[in-house]
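If you read the sequences in order, they're chains E and S.
Going by the working numbering, the first sequence opens with residue 1, and the numbers climb by one from there.
Going by the working numbering, the second sequence opens with residue 1001, and the numbers climb by one from there.
Incorrect hints may have been included.
To be verified - Below, computed lysine-lysine pairings styled on DSS-like, alpha-carbon distance capped at 27 Å:
(1) 1022(S) with 1052(S)
(2) 1055(S) with 109(E)
(3) 1055(S) with 1022(S)
(4) 1022(S) with 109(E)
(5) 109(E) with 95(E)
The hints are simulated quantities; they were obtained by calculation from the structure and are not laboratory data.
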Amino acid sequence: MLRLPGDLRQAMIDHAVRDLHNEACGLVAGPLDGDVVEAVHPCGNDDASPIVYTLNSLDFLRADRAARAEGREIVGVYHSHTHTEAYPSPTDVGKAPDPGWHYILVSLKDDPPVVRSYRIVEGEITEEEVVVGDA
Amino acid sequence: MPVEVRLPTVLRQHAGGQSSVKANGSTIGEVFDDIVRQFPLLSGQVVTTEGKLHKFVNVYRNDEDVRFIGALGAPVVDNDVISILPAVAGG
């Protein structure tokens, strides 16, 4: 289960819509092992592509600093799929960097956009329930 | 020279759960040798057996991507902050 405040869910959707023609990506922060998103850090997509993304590493550095300064950790990543379902692609699975992270997908395929979250551990995808709302 | 090395969550299990560690060295490579001396489980996690930075990590010296300033040969001075970040990508 991942608890996601409504305004942060909307921030991810807004970012995805703003970058409509490319995949949007960013990091989410919260307490380690807390299963709650407390902050969203939009990042650049170095690939500027509608089908792949590489999260800008300097943006990651800044997000990590901001999170540490606020007593949080980077606990996951979100990115958009512009024309496909909110489900991890083989590329997402192959490149998933951290088995402890939440992998959040924002799909713009349908209106309204769909937000779903997954765990990816040793290549295995497990969807987790997203509970929208504050603690 | 003492510097701070910030670890991503995925590597902390190899460093006693710490989010950052102190290390010594005059270059990035020496600093990484020192953290492996302190935490042998970090061996191979950041630097390949061929002695190069893994492509699935990004390393910053303060605000600079070390790949552009000499990679493992990049010099460090007291109080530099070295950040190890996983490369994040997908499709």
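Against the 27 Å threshold, does the CA-CA distance of residue 1055(S) and residue 1022(S) hold or violate the hint? holds, 24 Å
Pair hint outcome, residue 1055(S) versus residue 109(E) [Cα-Cα no greater than 27 Å]: violated, 32 Å
Would the pair residue 1022(S) and residue 109(E) pass a check requiring their Cα atoms to be no farther apart than 27 Å? violated, 47 Å
Restraint check for residue 109(E) with residue 95(E), where alpha carbons must lie at most 27 Å apart: With a Cα-Cα distance of about 23 Å, the restraint between residue 109(E) and residue 95(E) holds, given a limit of 27 Å.
Going straight from one Cα to the other, do residue 1022(S) and residue 1052(S) come out at no more than 27 Å? With a Cα-Cα distance of about 22 Å, the restraint between residue 1022(S) and residue 1052(S) holds, given a limit of 27 Å.
Checked against the numbered hints above, the structure breaks hints 2 and 4 and satisfies the rest.
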